[in-house]
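Chemist: Below, each chain spelled out in residue letters.
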Amino acid sequence: MLDVYSWEPNANSGKPLFCLHEKGIPFTYHYIDLVAHEHHGDKFLAINPDGTVPAIVHDGFTMTESTPAMEYIDEAFPGPPLRPAAPFRRWQMRILLRYLDNVVTPSLAMVAANRAAGPPLTGRDADEIRANLDRIPLPERRAMWDKLMFDGTSPRDIEESQRRVMEAIRRFDRVLARNPWLAGETFSLADIGVFATFHALPLEDDYEVGDVWTPHLMRWLRACHSRPALQAAFGMSRGPIARRAADVRRQLGVAGVEQA
Amino acid sequence: MMRLHFAAGSAHSASVRITLAEKGLEPELHRLNLVHFEQHAPAFVALNRHGAVPVLEDSDHVVIETFLILEYLEDTHPEPPLIGDTPRQRYLARKWGKYVETHLAPHLAIARWAALNGKVPEDAVARLANLHTARCELWLRARGGFDKDQLAVSAQALSIAARRIAADLADNDWLAGDRFSLADIAVYPHLAQFGALGLAVAPPVEAWLKRVAARPSVQAIAGDLFPLATMGPEPGRWG
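As you go down the protein sequences, you meet chains A and B in turn. The numbers in the working numbering rise by one with no breaks, and the one at position 61 of the first sequence is 350. The numbers in the working numbering rise by one with no breaks, and the one at position 177 of the second sequence is 466.
Chain A on its own, in the form it takes in the complex (with noise of 0.2 angstroms):
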């Protein structure tokens, strides 16, 4: 028995669709809709007390961090192996996902998430938000929303989280330079999950990225986006990642599925 419980196929809720499709096991997900804050919600936190997305339970056993959560499924399930052979590599492939997970992705979503907060919530009555903020059970996870409602968060702190971002993606680039792949000559779960956050890269005005600035990443996002596995798992998108998948994917050039 193995269950997903995520969100669409974006950042840490994408990493284990992404990765179950590459290695070719059925799975049974459950869709966890964050806009009506069901990760808050009770069903959910008996299965994560935390609240955060994704889980994955197997036969009994319940992962909530997604990073080591890969690394398992890597491990228990046959299929291609997704992390590379040579110690080295391997040392490479989890310093990429170090980076990704405690300074890229959390950068990425400060940006996001403060460009997104202000038409959806006005109107909304304080009370209701401070009352949803409660339910947060993780007192990192509700300061993060607090600061977002409310206090918003300084200037200096997007901009440092810009900076962070775009730091990433040239050294992204610069790795990409040297190997067709993150962690080398194979496809590796570091190509997932830097995957998993930036596969809509192309379409963000705010980041110098394109062929002209970062070929090598450009051609790699290519070659991700062409993946028959990454794109079936975009396919799970209740909607709005899916459309952005297919958005990307026109704009690089990349035949998808509905076109195949």
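One thing to keep in mind: the hints can contain errors.
[Said to hold, decoys possible] Pairs of lysine-lysine residues, derived as DSSO-like cross-links and limited to a Cα-Cα distance of at most 27 angstroms, are as follows: (1) B/408 / B/437; (2) B/312 / B/384; (3) B/408 / B/312; (4) A/436 / B/387; (5) A/436 / B/437; (6) A/312 / B/312; (7) B/384 / A/332; (8) B/384 / B/499; (9) A/312 / B/384; (10) B/437 / B/312; (11) B/499 / B/387.
[Said to hold, decoys possible] Just so you have them, the derived chain A footprint on chain B, three or more residues with Cβ under 8 angstroms: (12) 312-326; (13) 437-451.
The hints are simulated quantities; they were obtained by calculation from the structure and are not laboratory data. All C-beta atoms in this analysis are idealised placements derived from N, C-alpha and C, irrespective of residue type, glycine included.
Since chain A is already given, all that's left is putting chain B on it; use the hints.
Modeler: Same frame as chain A, now just chain B:
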């Protein structure tokens, strides 16, 4: 040839030294003095732009980031196995390895800096500019002193960490399965500082601290486990 750059008073260094001893490995050792900020000396920053120990050199590879050094040692020297026999045990070891970096170590460093009244000596200030930008920013924050809000956030994070560790030790002798593993090695040197800093831990954690401390690999470096005012990883900025 293997070479380890490490320091006394660095919990992260202790994790690597315990792992090396458990595996019977004896690399060449380069001891840095954190009191004199030797980790920010230009020659060392050239090796690691974060200006942080430990750093493992293995032939021409430079390996950084403590838990990933432990995994690298496990991959290059699988005997005796320390990361667990099953995917479940390995998941738990990696979960704890990550938790140390995102929750335990960053907040312990901040609480420790305040408790021990940490200072950046004047002759070390100019060298901060050689560090990676985010690392330099963290040190500048430390130099100015952490504010009351940050200290409250860190104290709360540490008390949650102590509770989580106690919960996983409630029915187990070890953190990730039925044997001593990289999870225990990654967490122990940080938890071992709690007492000296006046941070409380529950009885199952006390018992576990004693179990880990009894291992010869830990006894060999016991004199280097003291708390020292120095920075850890940056605390999470968003969630």
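Chemist: If a hint holds in the structure, say so; if it does not, say that too.
Modeler: Each hint tested on the structure:
no. : hint          : verdict
1   : B/408 / B/437 : 17 angstroms, holds
2   : B/312 / B/384 : 22 angstroms, holds
3   : B/408 / B/312 : 37 angstroms, violated
4   : A/436 / B/387 : 25 angstroms, holds
5   : A/436 / B/437 : 17 angstroms, holds
6   : A/312 / B/312 : 33 angstroms, violated
7   : B/384 / A/332 : 24 angstroms, holds
8   : B/384 / B/499 : 23 angstroms, holds
9   : A/312 / B/384 : 22 angstroms, holds
10  : B/437 / B/312 : 43 angstroms, violated
11  : B/499 / B/387 : 23 angstroms, holds
12  : 312-326       : violated (count 0)
13  : 437-451       : holds (count 4)
Hint check: violations occur at hints 3, 6, 10 and 12; the rest are consistent with the structure.
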